[in-house]
Each structure stands twice: as structure tokens, then as C-alpha cells.
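Colleague: Take the given structure of chain Y and dock chain R to it, following the hints.
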Amino acid sequence: MSYDRAITVFSPDGHLFQVEYAQEAVKKGSTAVGVRGKKIVVLGVEKKSIAKLQDDRTVRKICALDDNVFLAFAGLTADARVVVNRARVECQSHRLTVEDPVTVEYITRFISSIKQRYTQSNGRRPFGISSLIVGFDFDGTPHLYQTEPSGTYHAWKANAIGRSAKTVREFLEKHYKEEDMESDTEVIKLAIRALLEVVQSGGKNIELAIMKQDESMKILDQEEIKKYVTAIENEKEEAEKKKKT
Amino acid sequence: MERHYMDSKIKGVSTGTTILAVTFNGGVIIGSDSRASMGGNYVCSKTINKLIQVHDRIFCCIAGSLADAQAVTKTAKFQISLHSIQMESPPLVKAAASVMKELCYNNKEELQAGFITAGWDKKKGPQVYTVALGGMLLSLPFTIGGSGSTYIYGYTDAKYKPDMSREECLQFATNALALAMGRDNVSGGVAHLVVITEGGVEHVVIPGDKLPKFHDE
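Chains as they are written, first to last, in numbering that gives the first Met the number 0: chain Y, 0 to 244; chain R, 0 to 216.
So that you can see chain Y by itself, here it is in the shape it has in the complex (with noise of 0.2 Å):
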């Protein structure tokens, strides 16, 4: 018998095939990276190529939640929207009844428990996605999490999800130094840099979105990205012209 037709039932093994499927489905979406600072959180995105005709304004992977929060996914797009839209209202009752932003840790585990909940209900599908969600509390604390299909969420200080992310973290994890972190410019090249190891053809096809302390979410355009990705090519030289002597 076939443990993978309905959502609510266990394999023998102790599998819930449905949910590894998911994780299979957010395997082929498009990468996401993020990487937490001291004073600053960075999420980019791999901006898959589209048809010449469309608008690319539309294609958007990073949301806001709130002023303090956003998130990137990787996945089904389509089940990212009912997922975002539902922490949106949720962020904002947040507000009304007790009169305060939300933690990220708060939102992080409201999605979660959505997603959990679609793992052990008759006749839903769990959501095809995984998420990383950045943002500051309101004392100031930056925080990275990143959630799964299953329902799972966990802190990092910088991760990767999607197409190709075990190579990314593997990069991340060579890479990543704490005392990078203090600086606002090396954790955004830290991200960029990331991205480039499996994103084609460079700098335009990377979105990025920044979040200082105490300000709101700021997506960096062309011209800026371009300026990063020179700064680290021209790095690079450097570096193996050192090595060369």
C-alpha cells in the first residue's frame, strides 16, 4: 500500500511522505540567502529569467510582513502568497490587541504553526515552501530563522534554501566571520558573494533587500548591486594575484 496518498497518515518507517515531497518541491525553486548582521539583515534571491514580454516587477520573492520583519521563500510561489498574506493580518492584530510590533521569533513560529497544521489535516497538502525570515525586535536584536514544509523553524546566522543550497551553506560556512558581521558593507558583500557561486551571469539576475536597525526594509537596485559585485570581483583579483607571488 502506497503511504503517500493521504497527508495524515505515517509509513511504516515513520515517514510522512507528503512533507518530504514538499521539501522536494522547495528543492527546485530559485535559491534565497540570508545572512544575519549586527546591525543589519540581508536576504537576496536568485531572479530567475524571464520572458522578454514580462514585467519584472511582478516577480516578487521578498515580501515585508511589517515595518520590522520580511521574509524570502523558496518554492511554489503561489503558496508563498497565502502564507504571507496570512502573517500580514497577523502581524498587523499583533499590533491591535497588544500594542506592539512582532518578535521574529513570534512570527516565524505563527507561520510555522500554519504549516504544521497542514501536515496533520484531512484532504490539505503541506505548503510547498521554506522561508527565511529576517528582521529587528523592538530592543533592537537583528534575528535570522528559516521555517520548513514541515513546520519546523530554527535560528541562524546566515542560510540558504532553495535550488543548489547545500553548496551555498557550504560556502557560507567557509566564509563566515564574526567580526565581518560588525560591518554593514561585509555582510551584504557576504550574501552577494554567496549568491554568485550558483547564480548565472552575475549581478542582474540577484535581488537583495536590506534591513538597518530602526529603519525599514530597503531593496537595493542595479546600480547599487553592480557596485557590490565589482567591489568583490575586484576583490578576488587581488586575492589571486597574491597567490600567484
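If you're looking for bench data, these hints aren't it; they were derived computationally from the structure.
Bear in mind that the values here come from a model prediction, so they are computed numbers and not experimental data.
There's no promise every hint is true.
Said to hold, decoys possible - No more than 27 Å apart at the CA atoms, straight line, and that leaves these computed lysine-lysine pairs for DSS-like:
hint: 1; chain 1: Y; residue 1: K235; chain 2: Y; residue 2: K203
hint: 2; chain 1: Y; residue 1: K243; chain 2: Y; residue 2: K188
hint: 3; chain 1: Y; residue 1: K240; chain 2: Y; residue 2: K226
hint: 4; chain 1: Y; residue 1: K225; chain 2: Y; residue 2: K211
hint: 5; chain 1: R; residue 1: K121; chain 2: Y; residue 2: K217
hint: 6; chain 1: Y; residue 1: K176; chain 2: Y; residue 2: K165
hint: 7; chain 1: Y; residue 1: K203; chain 2: Y; residue 2: K173
hint: 8; chain 1: R; residue 1: K93; chain 2: Y; residue 2: K217
hint: 9; chain 1: Y; residue 1: K37; chain 2: Y; residue 2: K242
hint: 10; chain 1: R; residue 1: K122; chain 2: Y; residue 2: K217
hint: 11; chain 1: Y; residue 1: K217; chain 2: R; residue 2: K123
hint: 12; chain 1: Y; residue 1: K176; chain 2: Y; residue 2: K242
hint: 13; chain 1: Y; residue 1: K240; chain 2: Y; residue 2: K156
hint: 14; chain 1: Y; residue 1: K156; chain 2: Y; residue 2: K217
hint: 15; chain 1: R; residue 1: K121; chain 2: Y; residue 2: K211
Modeller: Just chain R now, kept in the frame of chain Y:
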């Protein structure tokens, strides 16, 4: 007149009040007094805030029952913020005023609060809307409200000019508030003013003893 009659029937804390909003060249100034009264005799608070910010460049002035006004503005703030974040752009002042109007009209049996919504947006610049007790929405170059407003209709009608400068408008608003607070027993305290322009929001607070004085003071 209608609002004055209504005030004495309001149970609990009311903002027998003076509120106004005036557009000028490049922005809008909203102002209010700061007195909250109960039953026309007792002053509950001398320093209440009647200028509620519902978004970055949009404010609401409240008049009538304080509890109703707070509930409505908080709900409106929820809806406007959600709308803004879904649209990924700042909300229009008209949208904010419309949200207030929906709340007032759909709950007109229970509510006893009137509002002035004013602010700046990219589409139409500075705007002022008044949302009356039953849920009527009206767009005006300037408007006054609250029980104290009855004493300054003459002054504001005579002295308002379109396209004033920021300083002229500030003086106009301050004078209007001072005159109303001088005659209305349920308006008083300090004068709160907020100047909203494309560039930002500036609060001005004028304590009672620094208000402009007129011939008999």
C-alpha cells in the same frame, strides 16, 4: 450644533473638544486641544492626545466618545497598515478616510465619534477629509470639528485663504484653537499641532500660557 447636543448624552469619557485640519501650500496642519471631560464638569485628563497617527503621513483627529474613537482609530490603523503592506506602497489619504467612514457607517448604532482624517500622499498631495457621526465622508480644503468648533466658524470662514504658507497656516490654526479653547468650557489644556508634508511629520505643542492672547485676556 448637533455634536454639541450629542456630547451631553455621551456616557463616560468624552472629548468635548476642538479639532481642525487645514491644508496649505505643500502640506496640511492638524490641531487639537488636550482636554478630556466627563459629564461637562470633571476634567479627566488635561493632556490627552487627540491626534492619532494611522500611517506615516496620515493622521486622524478624534471627537466624541473617547472609547469609541480609540477603538475605531486602532481598527483603522490595522486595516490601513495591512492595505499598505499588501500594496507595497504608502496608502492614499482617501483610502484611510474611507476605512474610517466604513467603520463609522457600519457601526453607526453603537458609535458616537466623529473624525477628521488628514495627510499627504503622492497622488493628490495634502488633503483633509471629515467623517461625521453617521458615516458621511467629505473632502474639504479645511475643516473644524468638536464642541469648540461652533465658536470659531466665523473666524475660520473669514480668515482662511487657499495656498497659505506654512507659517501663515500655523498662525491661523493656533489662533483658531486659542479662540475656541477660550470660549468652550470642555476644550482646553495645551494646543497640539502636527505639520504633515512630503518630507515628514513635525509636532508642535503650545502650552496654555503661550497661546496667543486676544483683547480681553
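Colleague: If a hint holds in the structure, say so; if it does not, say that too.
Modeller: Now the hints, each set against the structure:
1. Pair hint K235 of chain Y plus K203 of chain Y holds up; C-alpha atoms about 19 Å apart against a cutoff of 27 Å.
2. Distance hint between K243 of chain Y and K188 of chain Y is fulfilled; the C-alpha atoms sit about 24 Å from each other, no more than 27 Å.
3. Among the hinted pairs, K240 of chain Y with K226 of chain Y is consistent with the structure: their alpha-carbon atoms are about 21 Å apart, no more than 27 Å.
4. Only pairs whose Cα atoms come within 27 Å are accepted, and K225 of chain Y paired with K211 of chain Y is accepted, the gap being roughly 20 Å.
5. Between K121 of chain R and K217 of chain Y, the direct Cα distance comes to roughly 19 Å. Compliance with the 27 Å bound is thereby established for this hinted pair.
6. Simply put, K176 of chain Y and K165 of chain Y have alpha-carbon atoms about 19 Å apart, close enough for the 27 Å limit, and the pair holds.
7. Pair hint K203 of chain Y plus K173 of chain Y holds up; C-alpha atoms about 25 Å apart against a cutoff of 27 Å.
8. Our distance criterion of 27 Å between C-alpha atoms is met by K93 of chain R and K217 of chain Y, whose separation comes to about 26 Å.
9. At most 27 Å may separate the alpha-carbon atoms for a hinted pair to count; K37 of chain Y and K242 of chain Y exceed this at roughly 31 Å.
10. For a cut-off of 27 Å, the pair hint linking K122 of chain R to K217 of chain Y stands: about 22 Å separates their Cα positions.
11. Of the supplied pair hints, the one linking K217 of chain Y and K123 of chain R holds, its CA atoms being roughly 25 Å apart against a limit of 27 Å.
12. Under the criterion of a C-alpha separation no larger than 27 Å, the hint pairing K176 of chain Y with K242 of chain Y is consistent with the structure, at around 21 Å.
13. At roughly 31 Å between alpha-carbon atoms, K240 of chain Y and K156 of chain Y are farther apart than 27 Å, so this suggested pair is violated.
14. Taking the CA atoms of K156 of chain Y and K217 of chain Y, the gap is near 20 Å; set against the 27 Å cutoff, the hint holds.
15. Only pairs whose Cα atoms come within 27 Å are accepted, and K121 of chain R paired with K211 of chain Y is accepted, the gap being roughly 25 Å.
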